[in-house]
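**Student:** Work out the full structure: start from the sequences and follow the hints.
Protein chains in written order, with this note's numbering: chain S, 1 to 313; chain U, 1001 to 1577.
Treat the hints as calculated values from the structure; they're not laboratory data.
A hint or two may mislead.
[To be verified] Think about it this way: if two alpha-carbon atoms lie no more than 25 Å apart in a straight line, the pair counts; the simulated BS3-like pairs of lysine-lysine are:
#1 U:Lys1224 <-> U:Lys1243
#2 U:Lys1385 <-> S:Lys95
#3 U:Lys1115 <-> U:Lys1140
#4 U:Lys1552 <-> S:Lys4
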Amino acid sequence: MLLKLKGVTKEYRKKTILEDVNLKIEEGDILGVIGQSGSGKTTLLNLIAGFIEPTDGEVTYLSKVTNEERSLTKNLHKIKRHIGFTPQHNSFYPKLTVKENLWHFGKLYKVPSAVLKNNIRNLLNFTKLIDHQNALAEHLSGGMQKRLDLSCSLIHKPRLLLLDEPTADLDPILQKEILHLLQEVNKQGVTIVIASHQLDSIEMLCNKIAIVHKGKVHSHGLLEDIQKPYLKEHFTIKMKQGQDKERLLARLKVLPIQKIVDNGHSLEIYPKDIQKTMNSILEIIREENLYLHDLDMRKPSLNEIFEKIATGK
Amino acid sequence: MRSIWLITKKNVRLLLRAKGSALIVIFAPLLIVLILGLSYNTTSQFGLSIGVYAPSFTEDVNSFITTLEEEEFTIERYESSIDECVEEIKMGKVHTCISLPESLSVEDNTPREVKFYVDPSRLNLVWMVQETVQGKFDIKAQEISEGLTQNILTKVAQTQTTITETSGTLSSVQSEAAAVSGITASVKSDLSILDLQPTTSDFGSEVLKNLTGELKNAEENIQKSLERLETANMSTSDKNVIKRYLESAAESLSSTDDIDDNGTSTSAKSVFTNIIDELNATRTKLSKASLAVSDATPALASSGNTLQQIQSSLDSVLASLNDISATLSAQKVTEAGTIVSPLTTVIEPVREESTYLNYLFPAILVLVVMFSSLLLGTTLVMMEKNSPAYLRNFFLPIRKTTFIISTYMTNVILIVIQLIVILGISLFFLTDTLPQFPSLALMLFIAASVFTFLGMAVGYFFVSEETGILASISLGNIFLFFSGLILPLEGLSPLLRSITQYSPFVIAEKLVREVFLFSTPLEAVWLDAVIFVGYAVALFVLIIILESFMHKHLVHKFLRHHHKAHRQKDKRNKGRA
Chain S
1 MLLKLKGVTK EYRKKTILED VNLKIEEGDI LGVIGQSGSG KTTLLNLIAG
51 FIEPTDGEVT YLSKVTNEER SLTKNLHKIK RHIGFTPQHN SFYPKLTVKE
101 NLWHFGKLYK VPSAVLKNNI RNLLNFTKLI DHQNALAEHL SGGMQKRLDL
151 SCSLIHKPRL LLLDEPTADL DPILQKEILH LLQEVNKQGV TIVIASHQLD
201 SIEMLCNKIA IVHKGKVHSH GLLEDIQKPY LKEHFTIKMK QGQDKERLLA
251 RLKVLPIQKI VDNGHSLEIY PKDIQKTMNS ILEIIREENL YLHDLDMRKP
301 SLNEIFEKIA TGK
Chain U
1001 MRSIWLITKK NVRLLLRAKG SALIVIFAPL LIVLILGLSY NTTSQFGLSI
1051 GVYAPSFTED VNSFITTLEE EEFTIERYES SIDECVEEIK MGKVHTCISL
1101 PESLSVEDNT PREVKFYVDP SRLNLVWMVQ ETVQGKFDIK AQEISEGLTQ
1151 NILTKVAQTQ TTITETSGTL SSVQSEAAAV SGITASVKSD LSILDLQPTT
1201 SDFGSEVLKN LTGELKNAEE NIQKSLERLE TANMSTSDKN VIKRYLESAA
1251 ESLSSTDDID DNGTSTSAKS VFTNIIDELN ATRTKLSKAS LAVSDATPAL
1301 ASSGNTLQQI QSSLDSVLAS LNDISATLSA QKVTEAGTIV SPLTTVIEPV
1351 REESTYLNYL FPAILVLVVM FSSLLLGTTL VMMEKNSPAY LRNFFLPIRK
1401 TTFIISTYMT NVILIVIQLI VILGISLFFL TDTLPQFPSL ALMLFIAASV
1451 FTFLGMAVGY FFVSEETGIL ASISLGNIFL FFSGLILPLE GLSPLLRSIT
1501 QYSPFVIAEK LVREVFLFST PLEAVWLDAV IFVGYAVALF VLIIILESFM
1551 HKHLVHKFLR HHHKAHRQKD KRNKGRA
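**Tutor:** Right under this line is the structure:
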């Protein structure tokens, strides 16, 4: 465990933005924080970054040296050295060159000069900015600026990288490029927390998801675990004219079925375990000469889950 | 037209919704009018602090001091020496020193000299002091002049009265003299008729002389004969006979009038007769003369009386003239210049006369430092605040003070470069001021620090760069306006005047002027310098508080904007869908 939020509540102008958030971030995770606008995900990110303090509860981190949990607020100055933050908009000095920006932030993170030189070289190679190291930051393209921004956040080799909408306002190619870069960063052992609206990107990149809804962490965990409650596995069987519906229902009821929705000419069947009941249902359909109208076994996307949560359906 | 109106309406709306702009547009003029109103809405006199030195504070001097005090000037008395007061001018504690004579009353032809000691580097104040205080002196001089003139006029009037009185006496003397003159003429004519000439020139005096001599000899001889006869060996009878003869001869000789037939006696007789005739004639003349004299005597007596009166009158006139002379002699002030200007004022600069550049140089330096520091301070903070990297700085393991000090250092480095250039160039014009440069540089450094922190505070306080810069310029202008460079501070209302004494510009200009113009050692200005450093420290603390406050404000603003942006994006997305 790298970071833990215990009962964290944040109020802003007497309005609760986040309420009783409990979250664990494990070392090596890529955690995607998703939620509606104003749901509190940016606030959550800022709380993790120590940019704002919780009104209630505590954010703790695990000290690598003592292996103890320590309060983030109380040890902010120390923990800041292990956190990299990339805000939504580029956060570097446009009038400094790429190299100057990296050197400036590296020195402010108190990275020794020799180490910093090495870090800069590696980052420039890694972000493919080596050929533009002496160009003014303001003269870089959008993608390069985003990479520079990311480099500035990584210059001190943080344990935790926080990103707020890293792919917002980028074209799909650049989005892909950045996501790839982040995967590479993660492979180097950096834990990543991303707050984003780009649910496809989050789904593609993150191994863990936290869904923030109305100031609360609605769901949190592995993507599969998040998807489970939203699995849409059911059969829709169409009845022919004159067929004995009662007999069919009697045969189905012996199977492990969660619920059956009678739509008149069709029945929606929600089995408890689709894998186990699939063969039995298919046999009944064949024997009763029924027509299988629809069989849905797809895992719901984050978009769907998000929509369901947002609309409350 | 409709478009113009729409755009105008939009502009006004935007302007009013931007708090900073609204503040500047609406409240700045109100503030300026308020400040000016409070500053100059006063009927009180200039708040001049005047040092007065006099060898002794006589009634005269004290009366003048009271006149000054009535005009709400603050009077400081210096009894030991004027130099003490001059030093106070250099320190800015008094505006002018007045060296008064022991007494202001003019007693001889030398006008009383009053010396003003002024600081020529405070150009507008010098004129104000001269105009205001000299006005009081002019009144005093006029009073004295009037006194002197009145004194002279009184004496002239007294003289005139005396002359009028004396002229009466002289008129009577004139008529009396005329009368005496008439009497004298009459006596003269009376006496002119007297014939006192002898009728003959020779009374036979030689004959009479010879005769007398011979008679005398004969008498002597008879006497001798008588004496010898006494001793002669003769009989007494003989002797008596002889003696009788001799005595008879002697008797004859002694009674020469009895001689008739002697030729000698005849001539003597005629002589005597002539003499008698002459004497008779003389007697007649003398009688006439006596008569004339008798006639003249009353007139002469009258003339004598008149002359005595004249003498008495003349004595009186002389006494009057002596009085007039004494009165006029008592008038010691006789020079027209002294009477017209009994008090002369001399303006003494407390430092050697120099060029206007010299006088203005401290103010120019402080002005440059103030505006540069204020604007640079604000600009640097604004640059940082508006920089895309601003947010990242919050995640850096750096203390707030580090950023503040860095901004300050940046500013100071730039100001120091500016100052080096300015001072370097100024050496061409002010070649003799090089020794003052170290102290000057120190004071300017402190001033730059104070104004930098002030500019930074403005930068942290305002949100937009434009508003911040505008606020800095306005602040600089306020400092300039209330610095005494444009209008003397002494003309402000007493409350604001006392407040402006704590204006950083006023303190800076005072410190720089003292070390630059008067070569005042740092030990003498340490208190002001320490106060100024205190300003810098206080502002630094204020900036930390402001920065801390701004941090929270910015975080909240950031969150609010962030949410707002997302909401707008959601709306757009929904719209597209």
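**Student:** Can you confirm whether the C-alpha distance between lysine 1552 of chain U and lysine 4 of chain S stays at or below 25 Å?
**Tutor:** Given pair lysine 1552 of chain U, lysine 4 of chain S holds - Cα atoms ~24 Å apart, limit 25 Å.
**Student:** Take the C-alpha atoms of lysine 1224 of chain U and lysine 1243 of chain U, compute the straight-line distance between them, and say whether it is at most 25 Å.
**Tutor:** Cα-Cα ~11 Å, so holds.
**Student:** Against the 25 Å threshold, does the CA-CA distance of lysine 1115 of chain U and lysine 1140 of chain U hold or violate the hint?
**Tutor:** Holds. Lysine 1115 of chain U to lysine 1140 of chain U sits at ~15 Å (cutoff 25 Å).
**Student:** Verify the proposed pairing of lysine 1385 of chain U with lysine 95 of chain S, using a straight-line Cα cut of 25 Å.
**Tutor:** This hinted pair holds, its Cα atoms lying about 15 Å apart.
In this structure, every one of the numbered hints holds.
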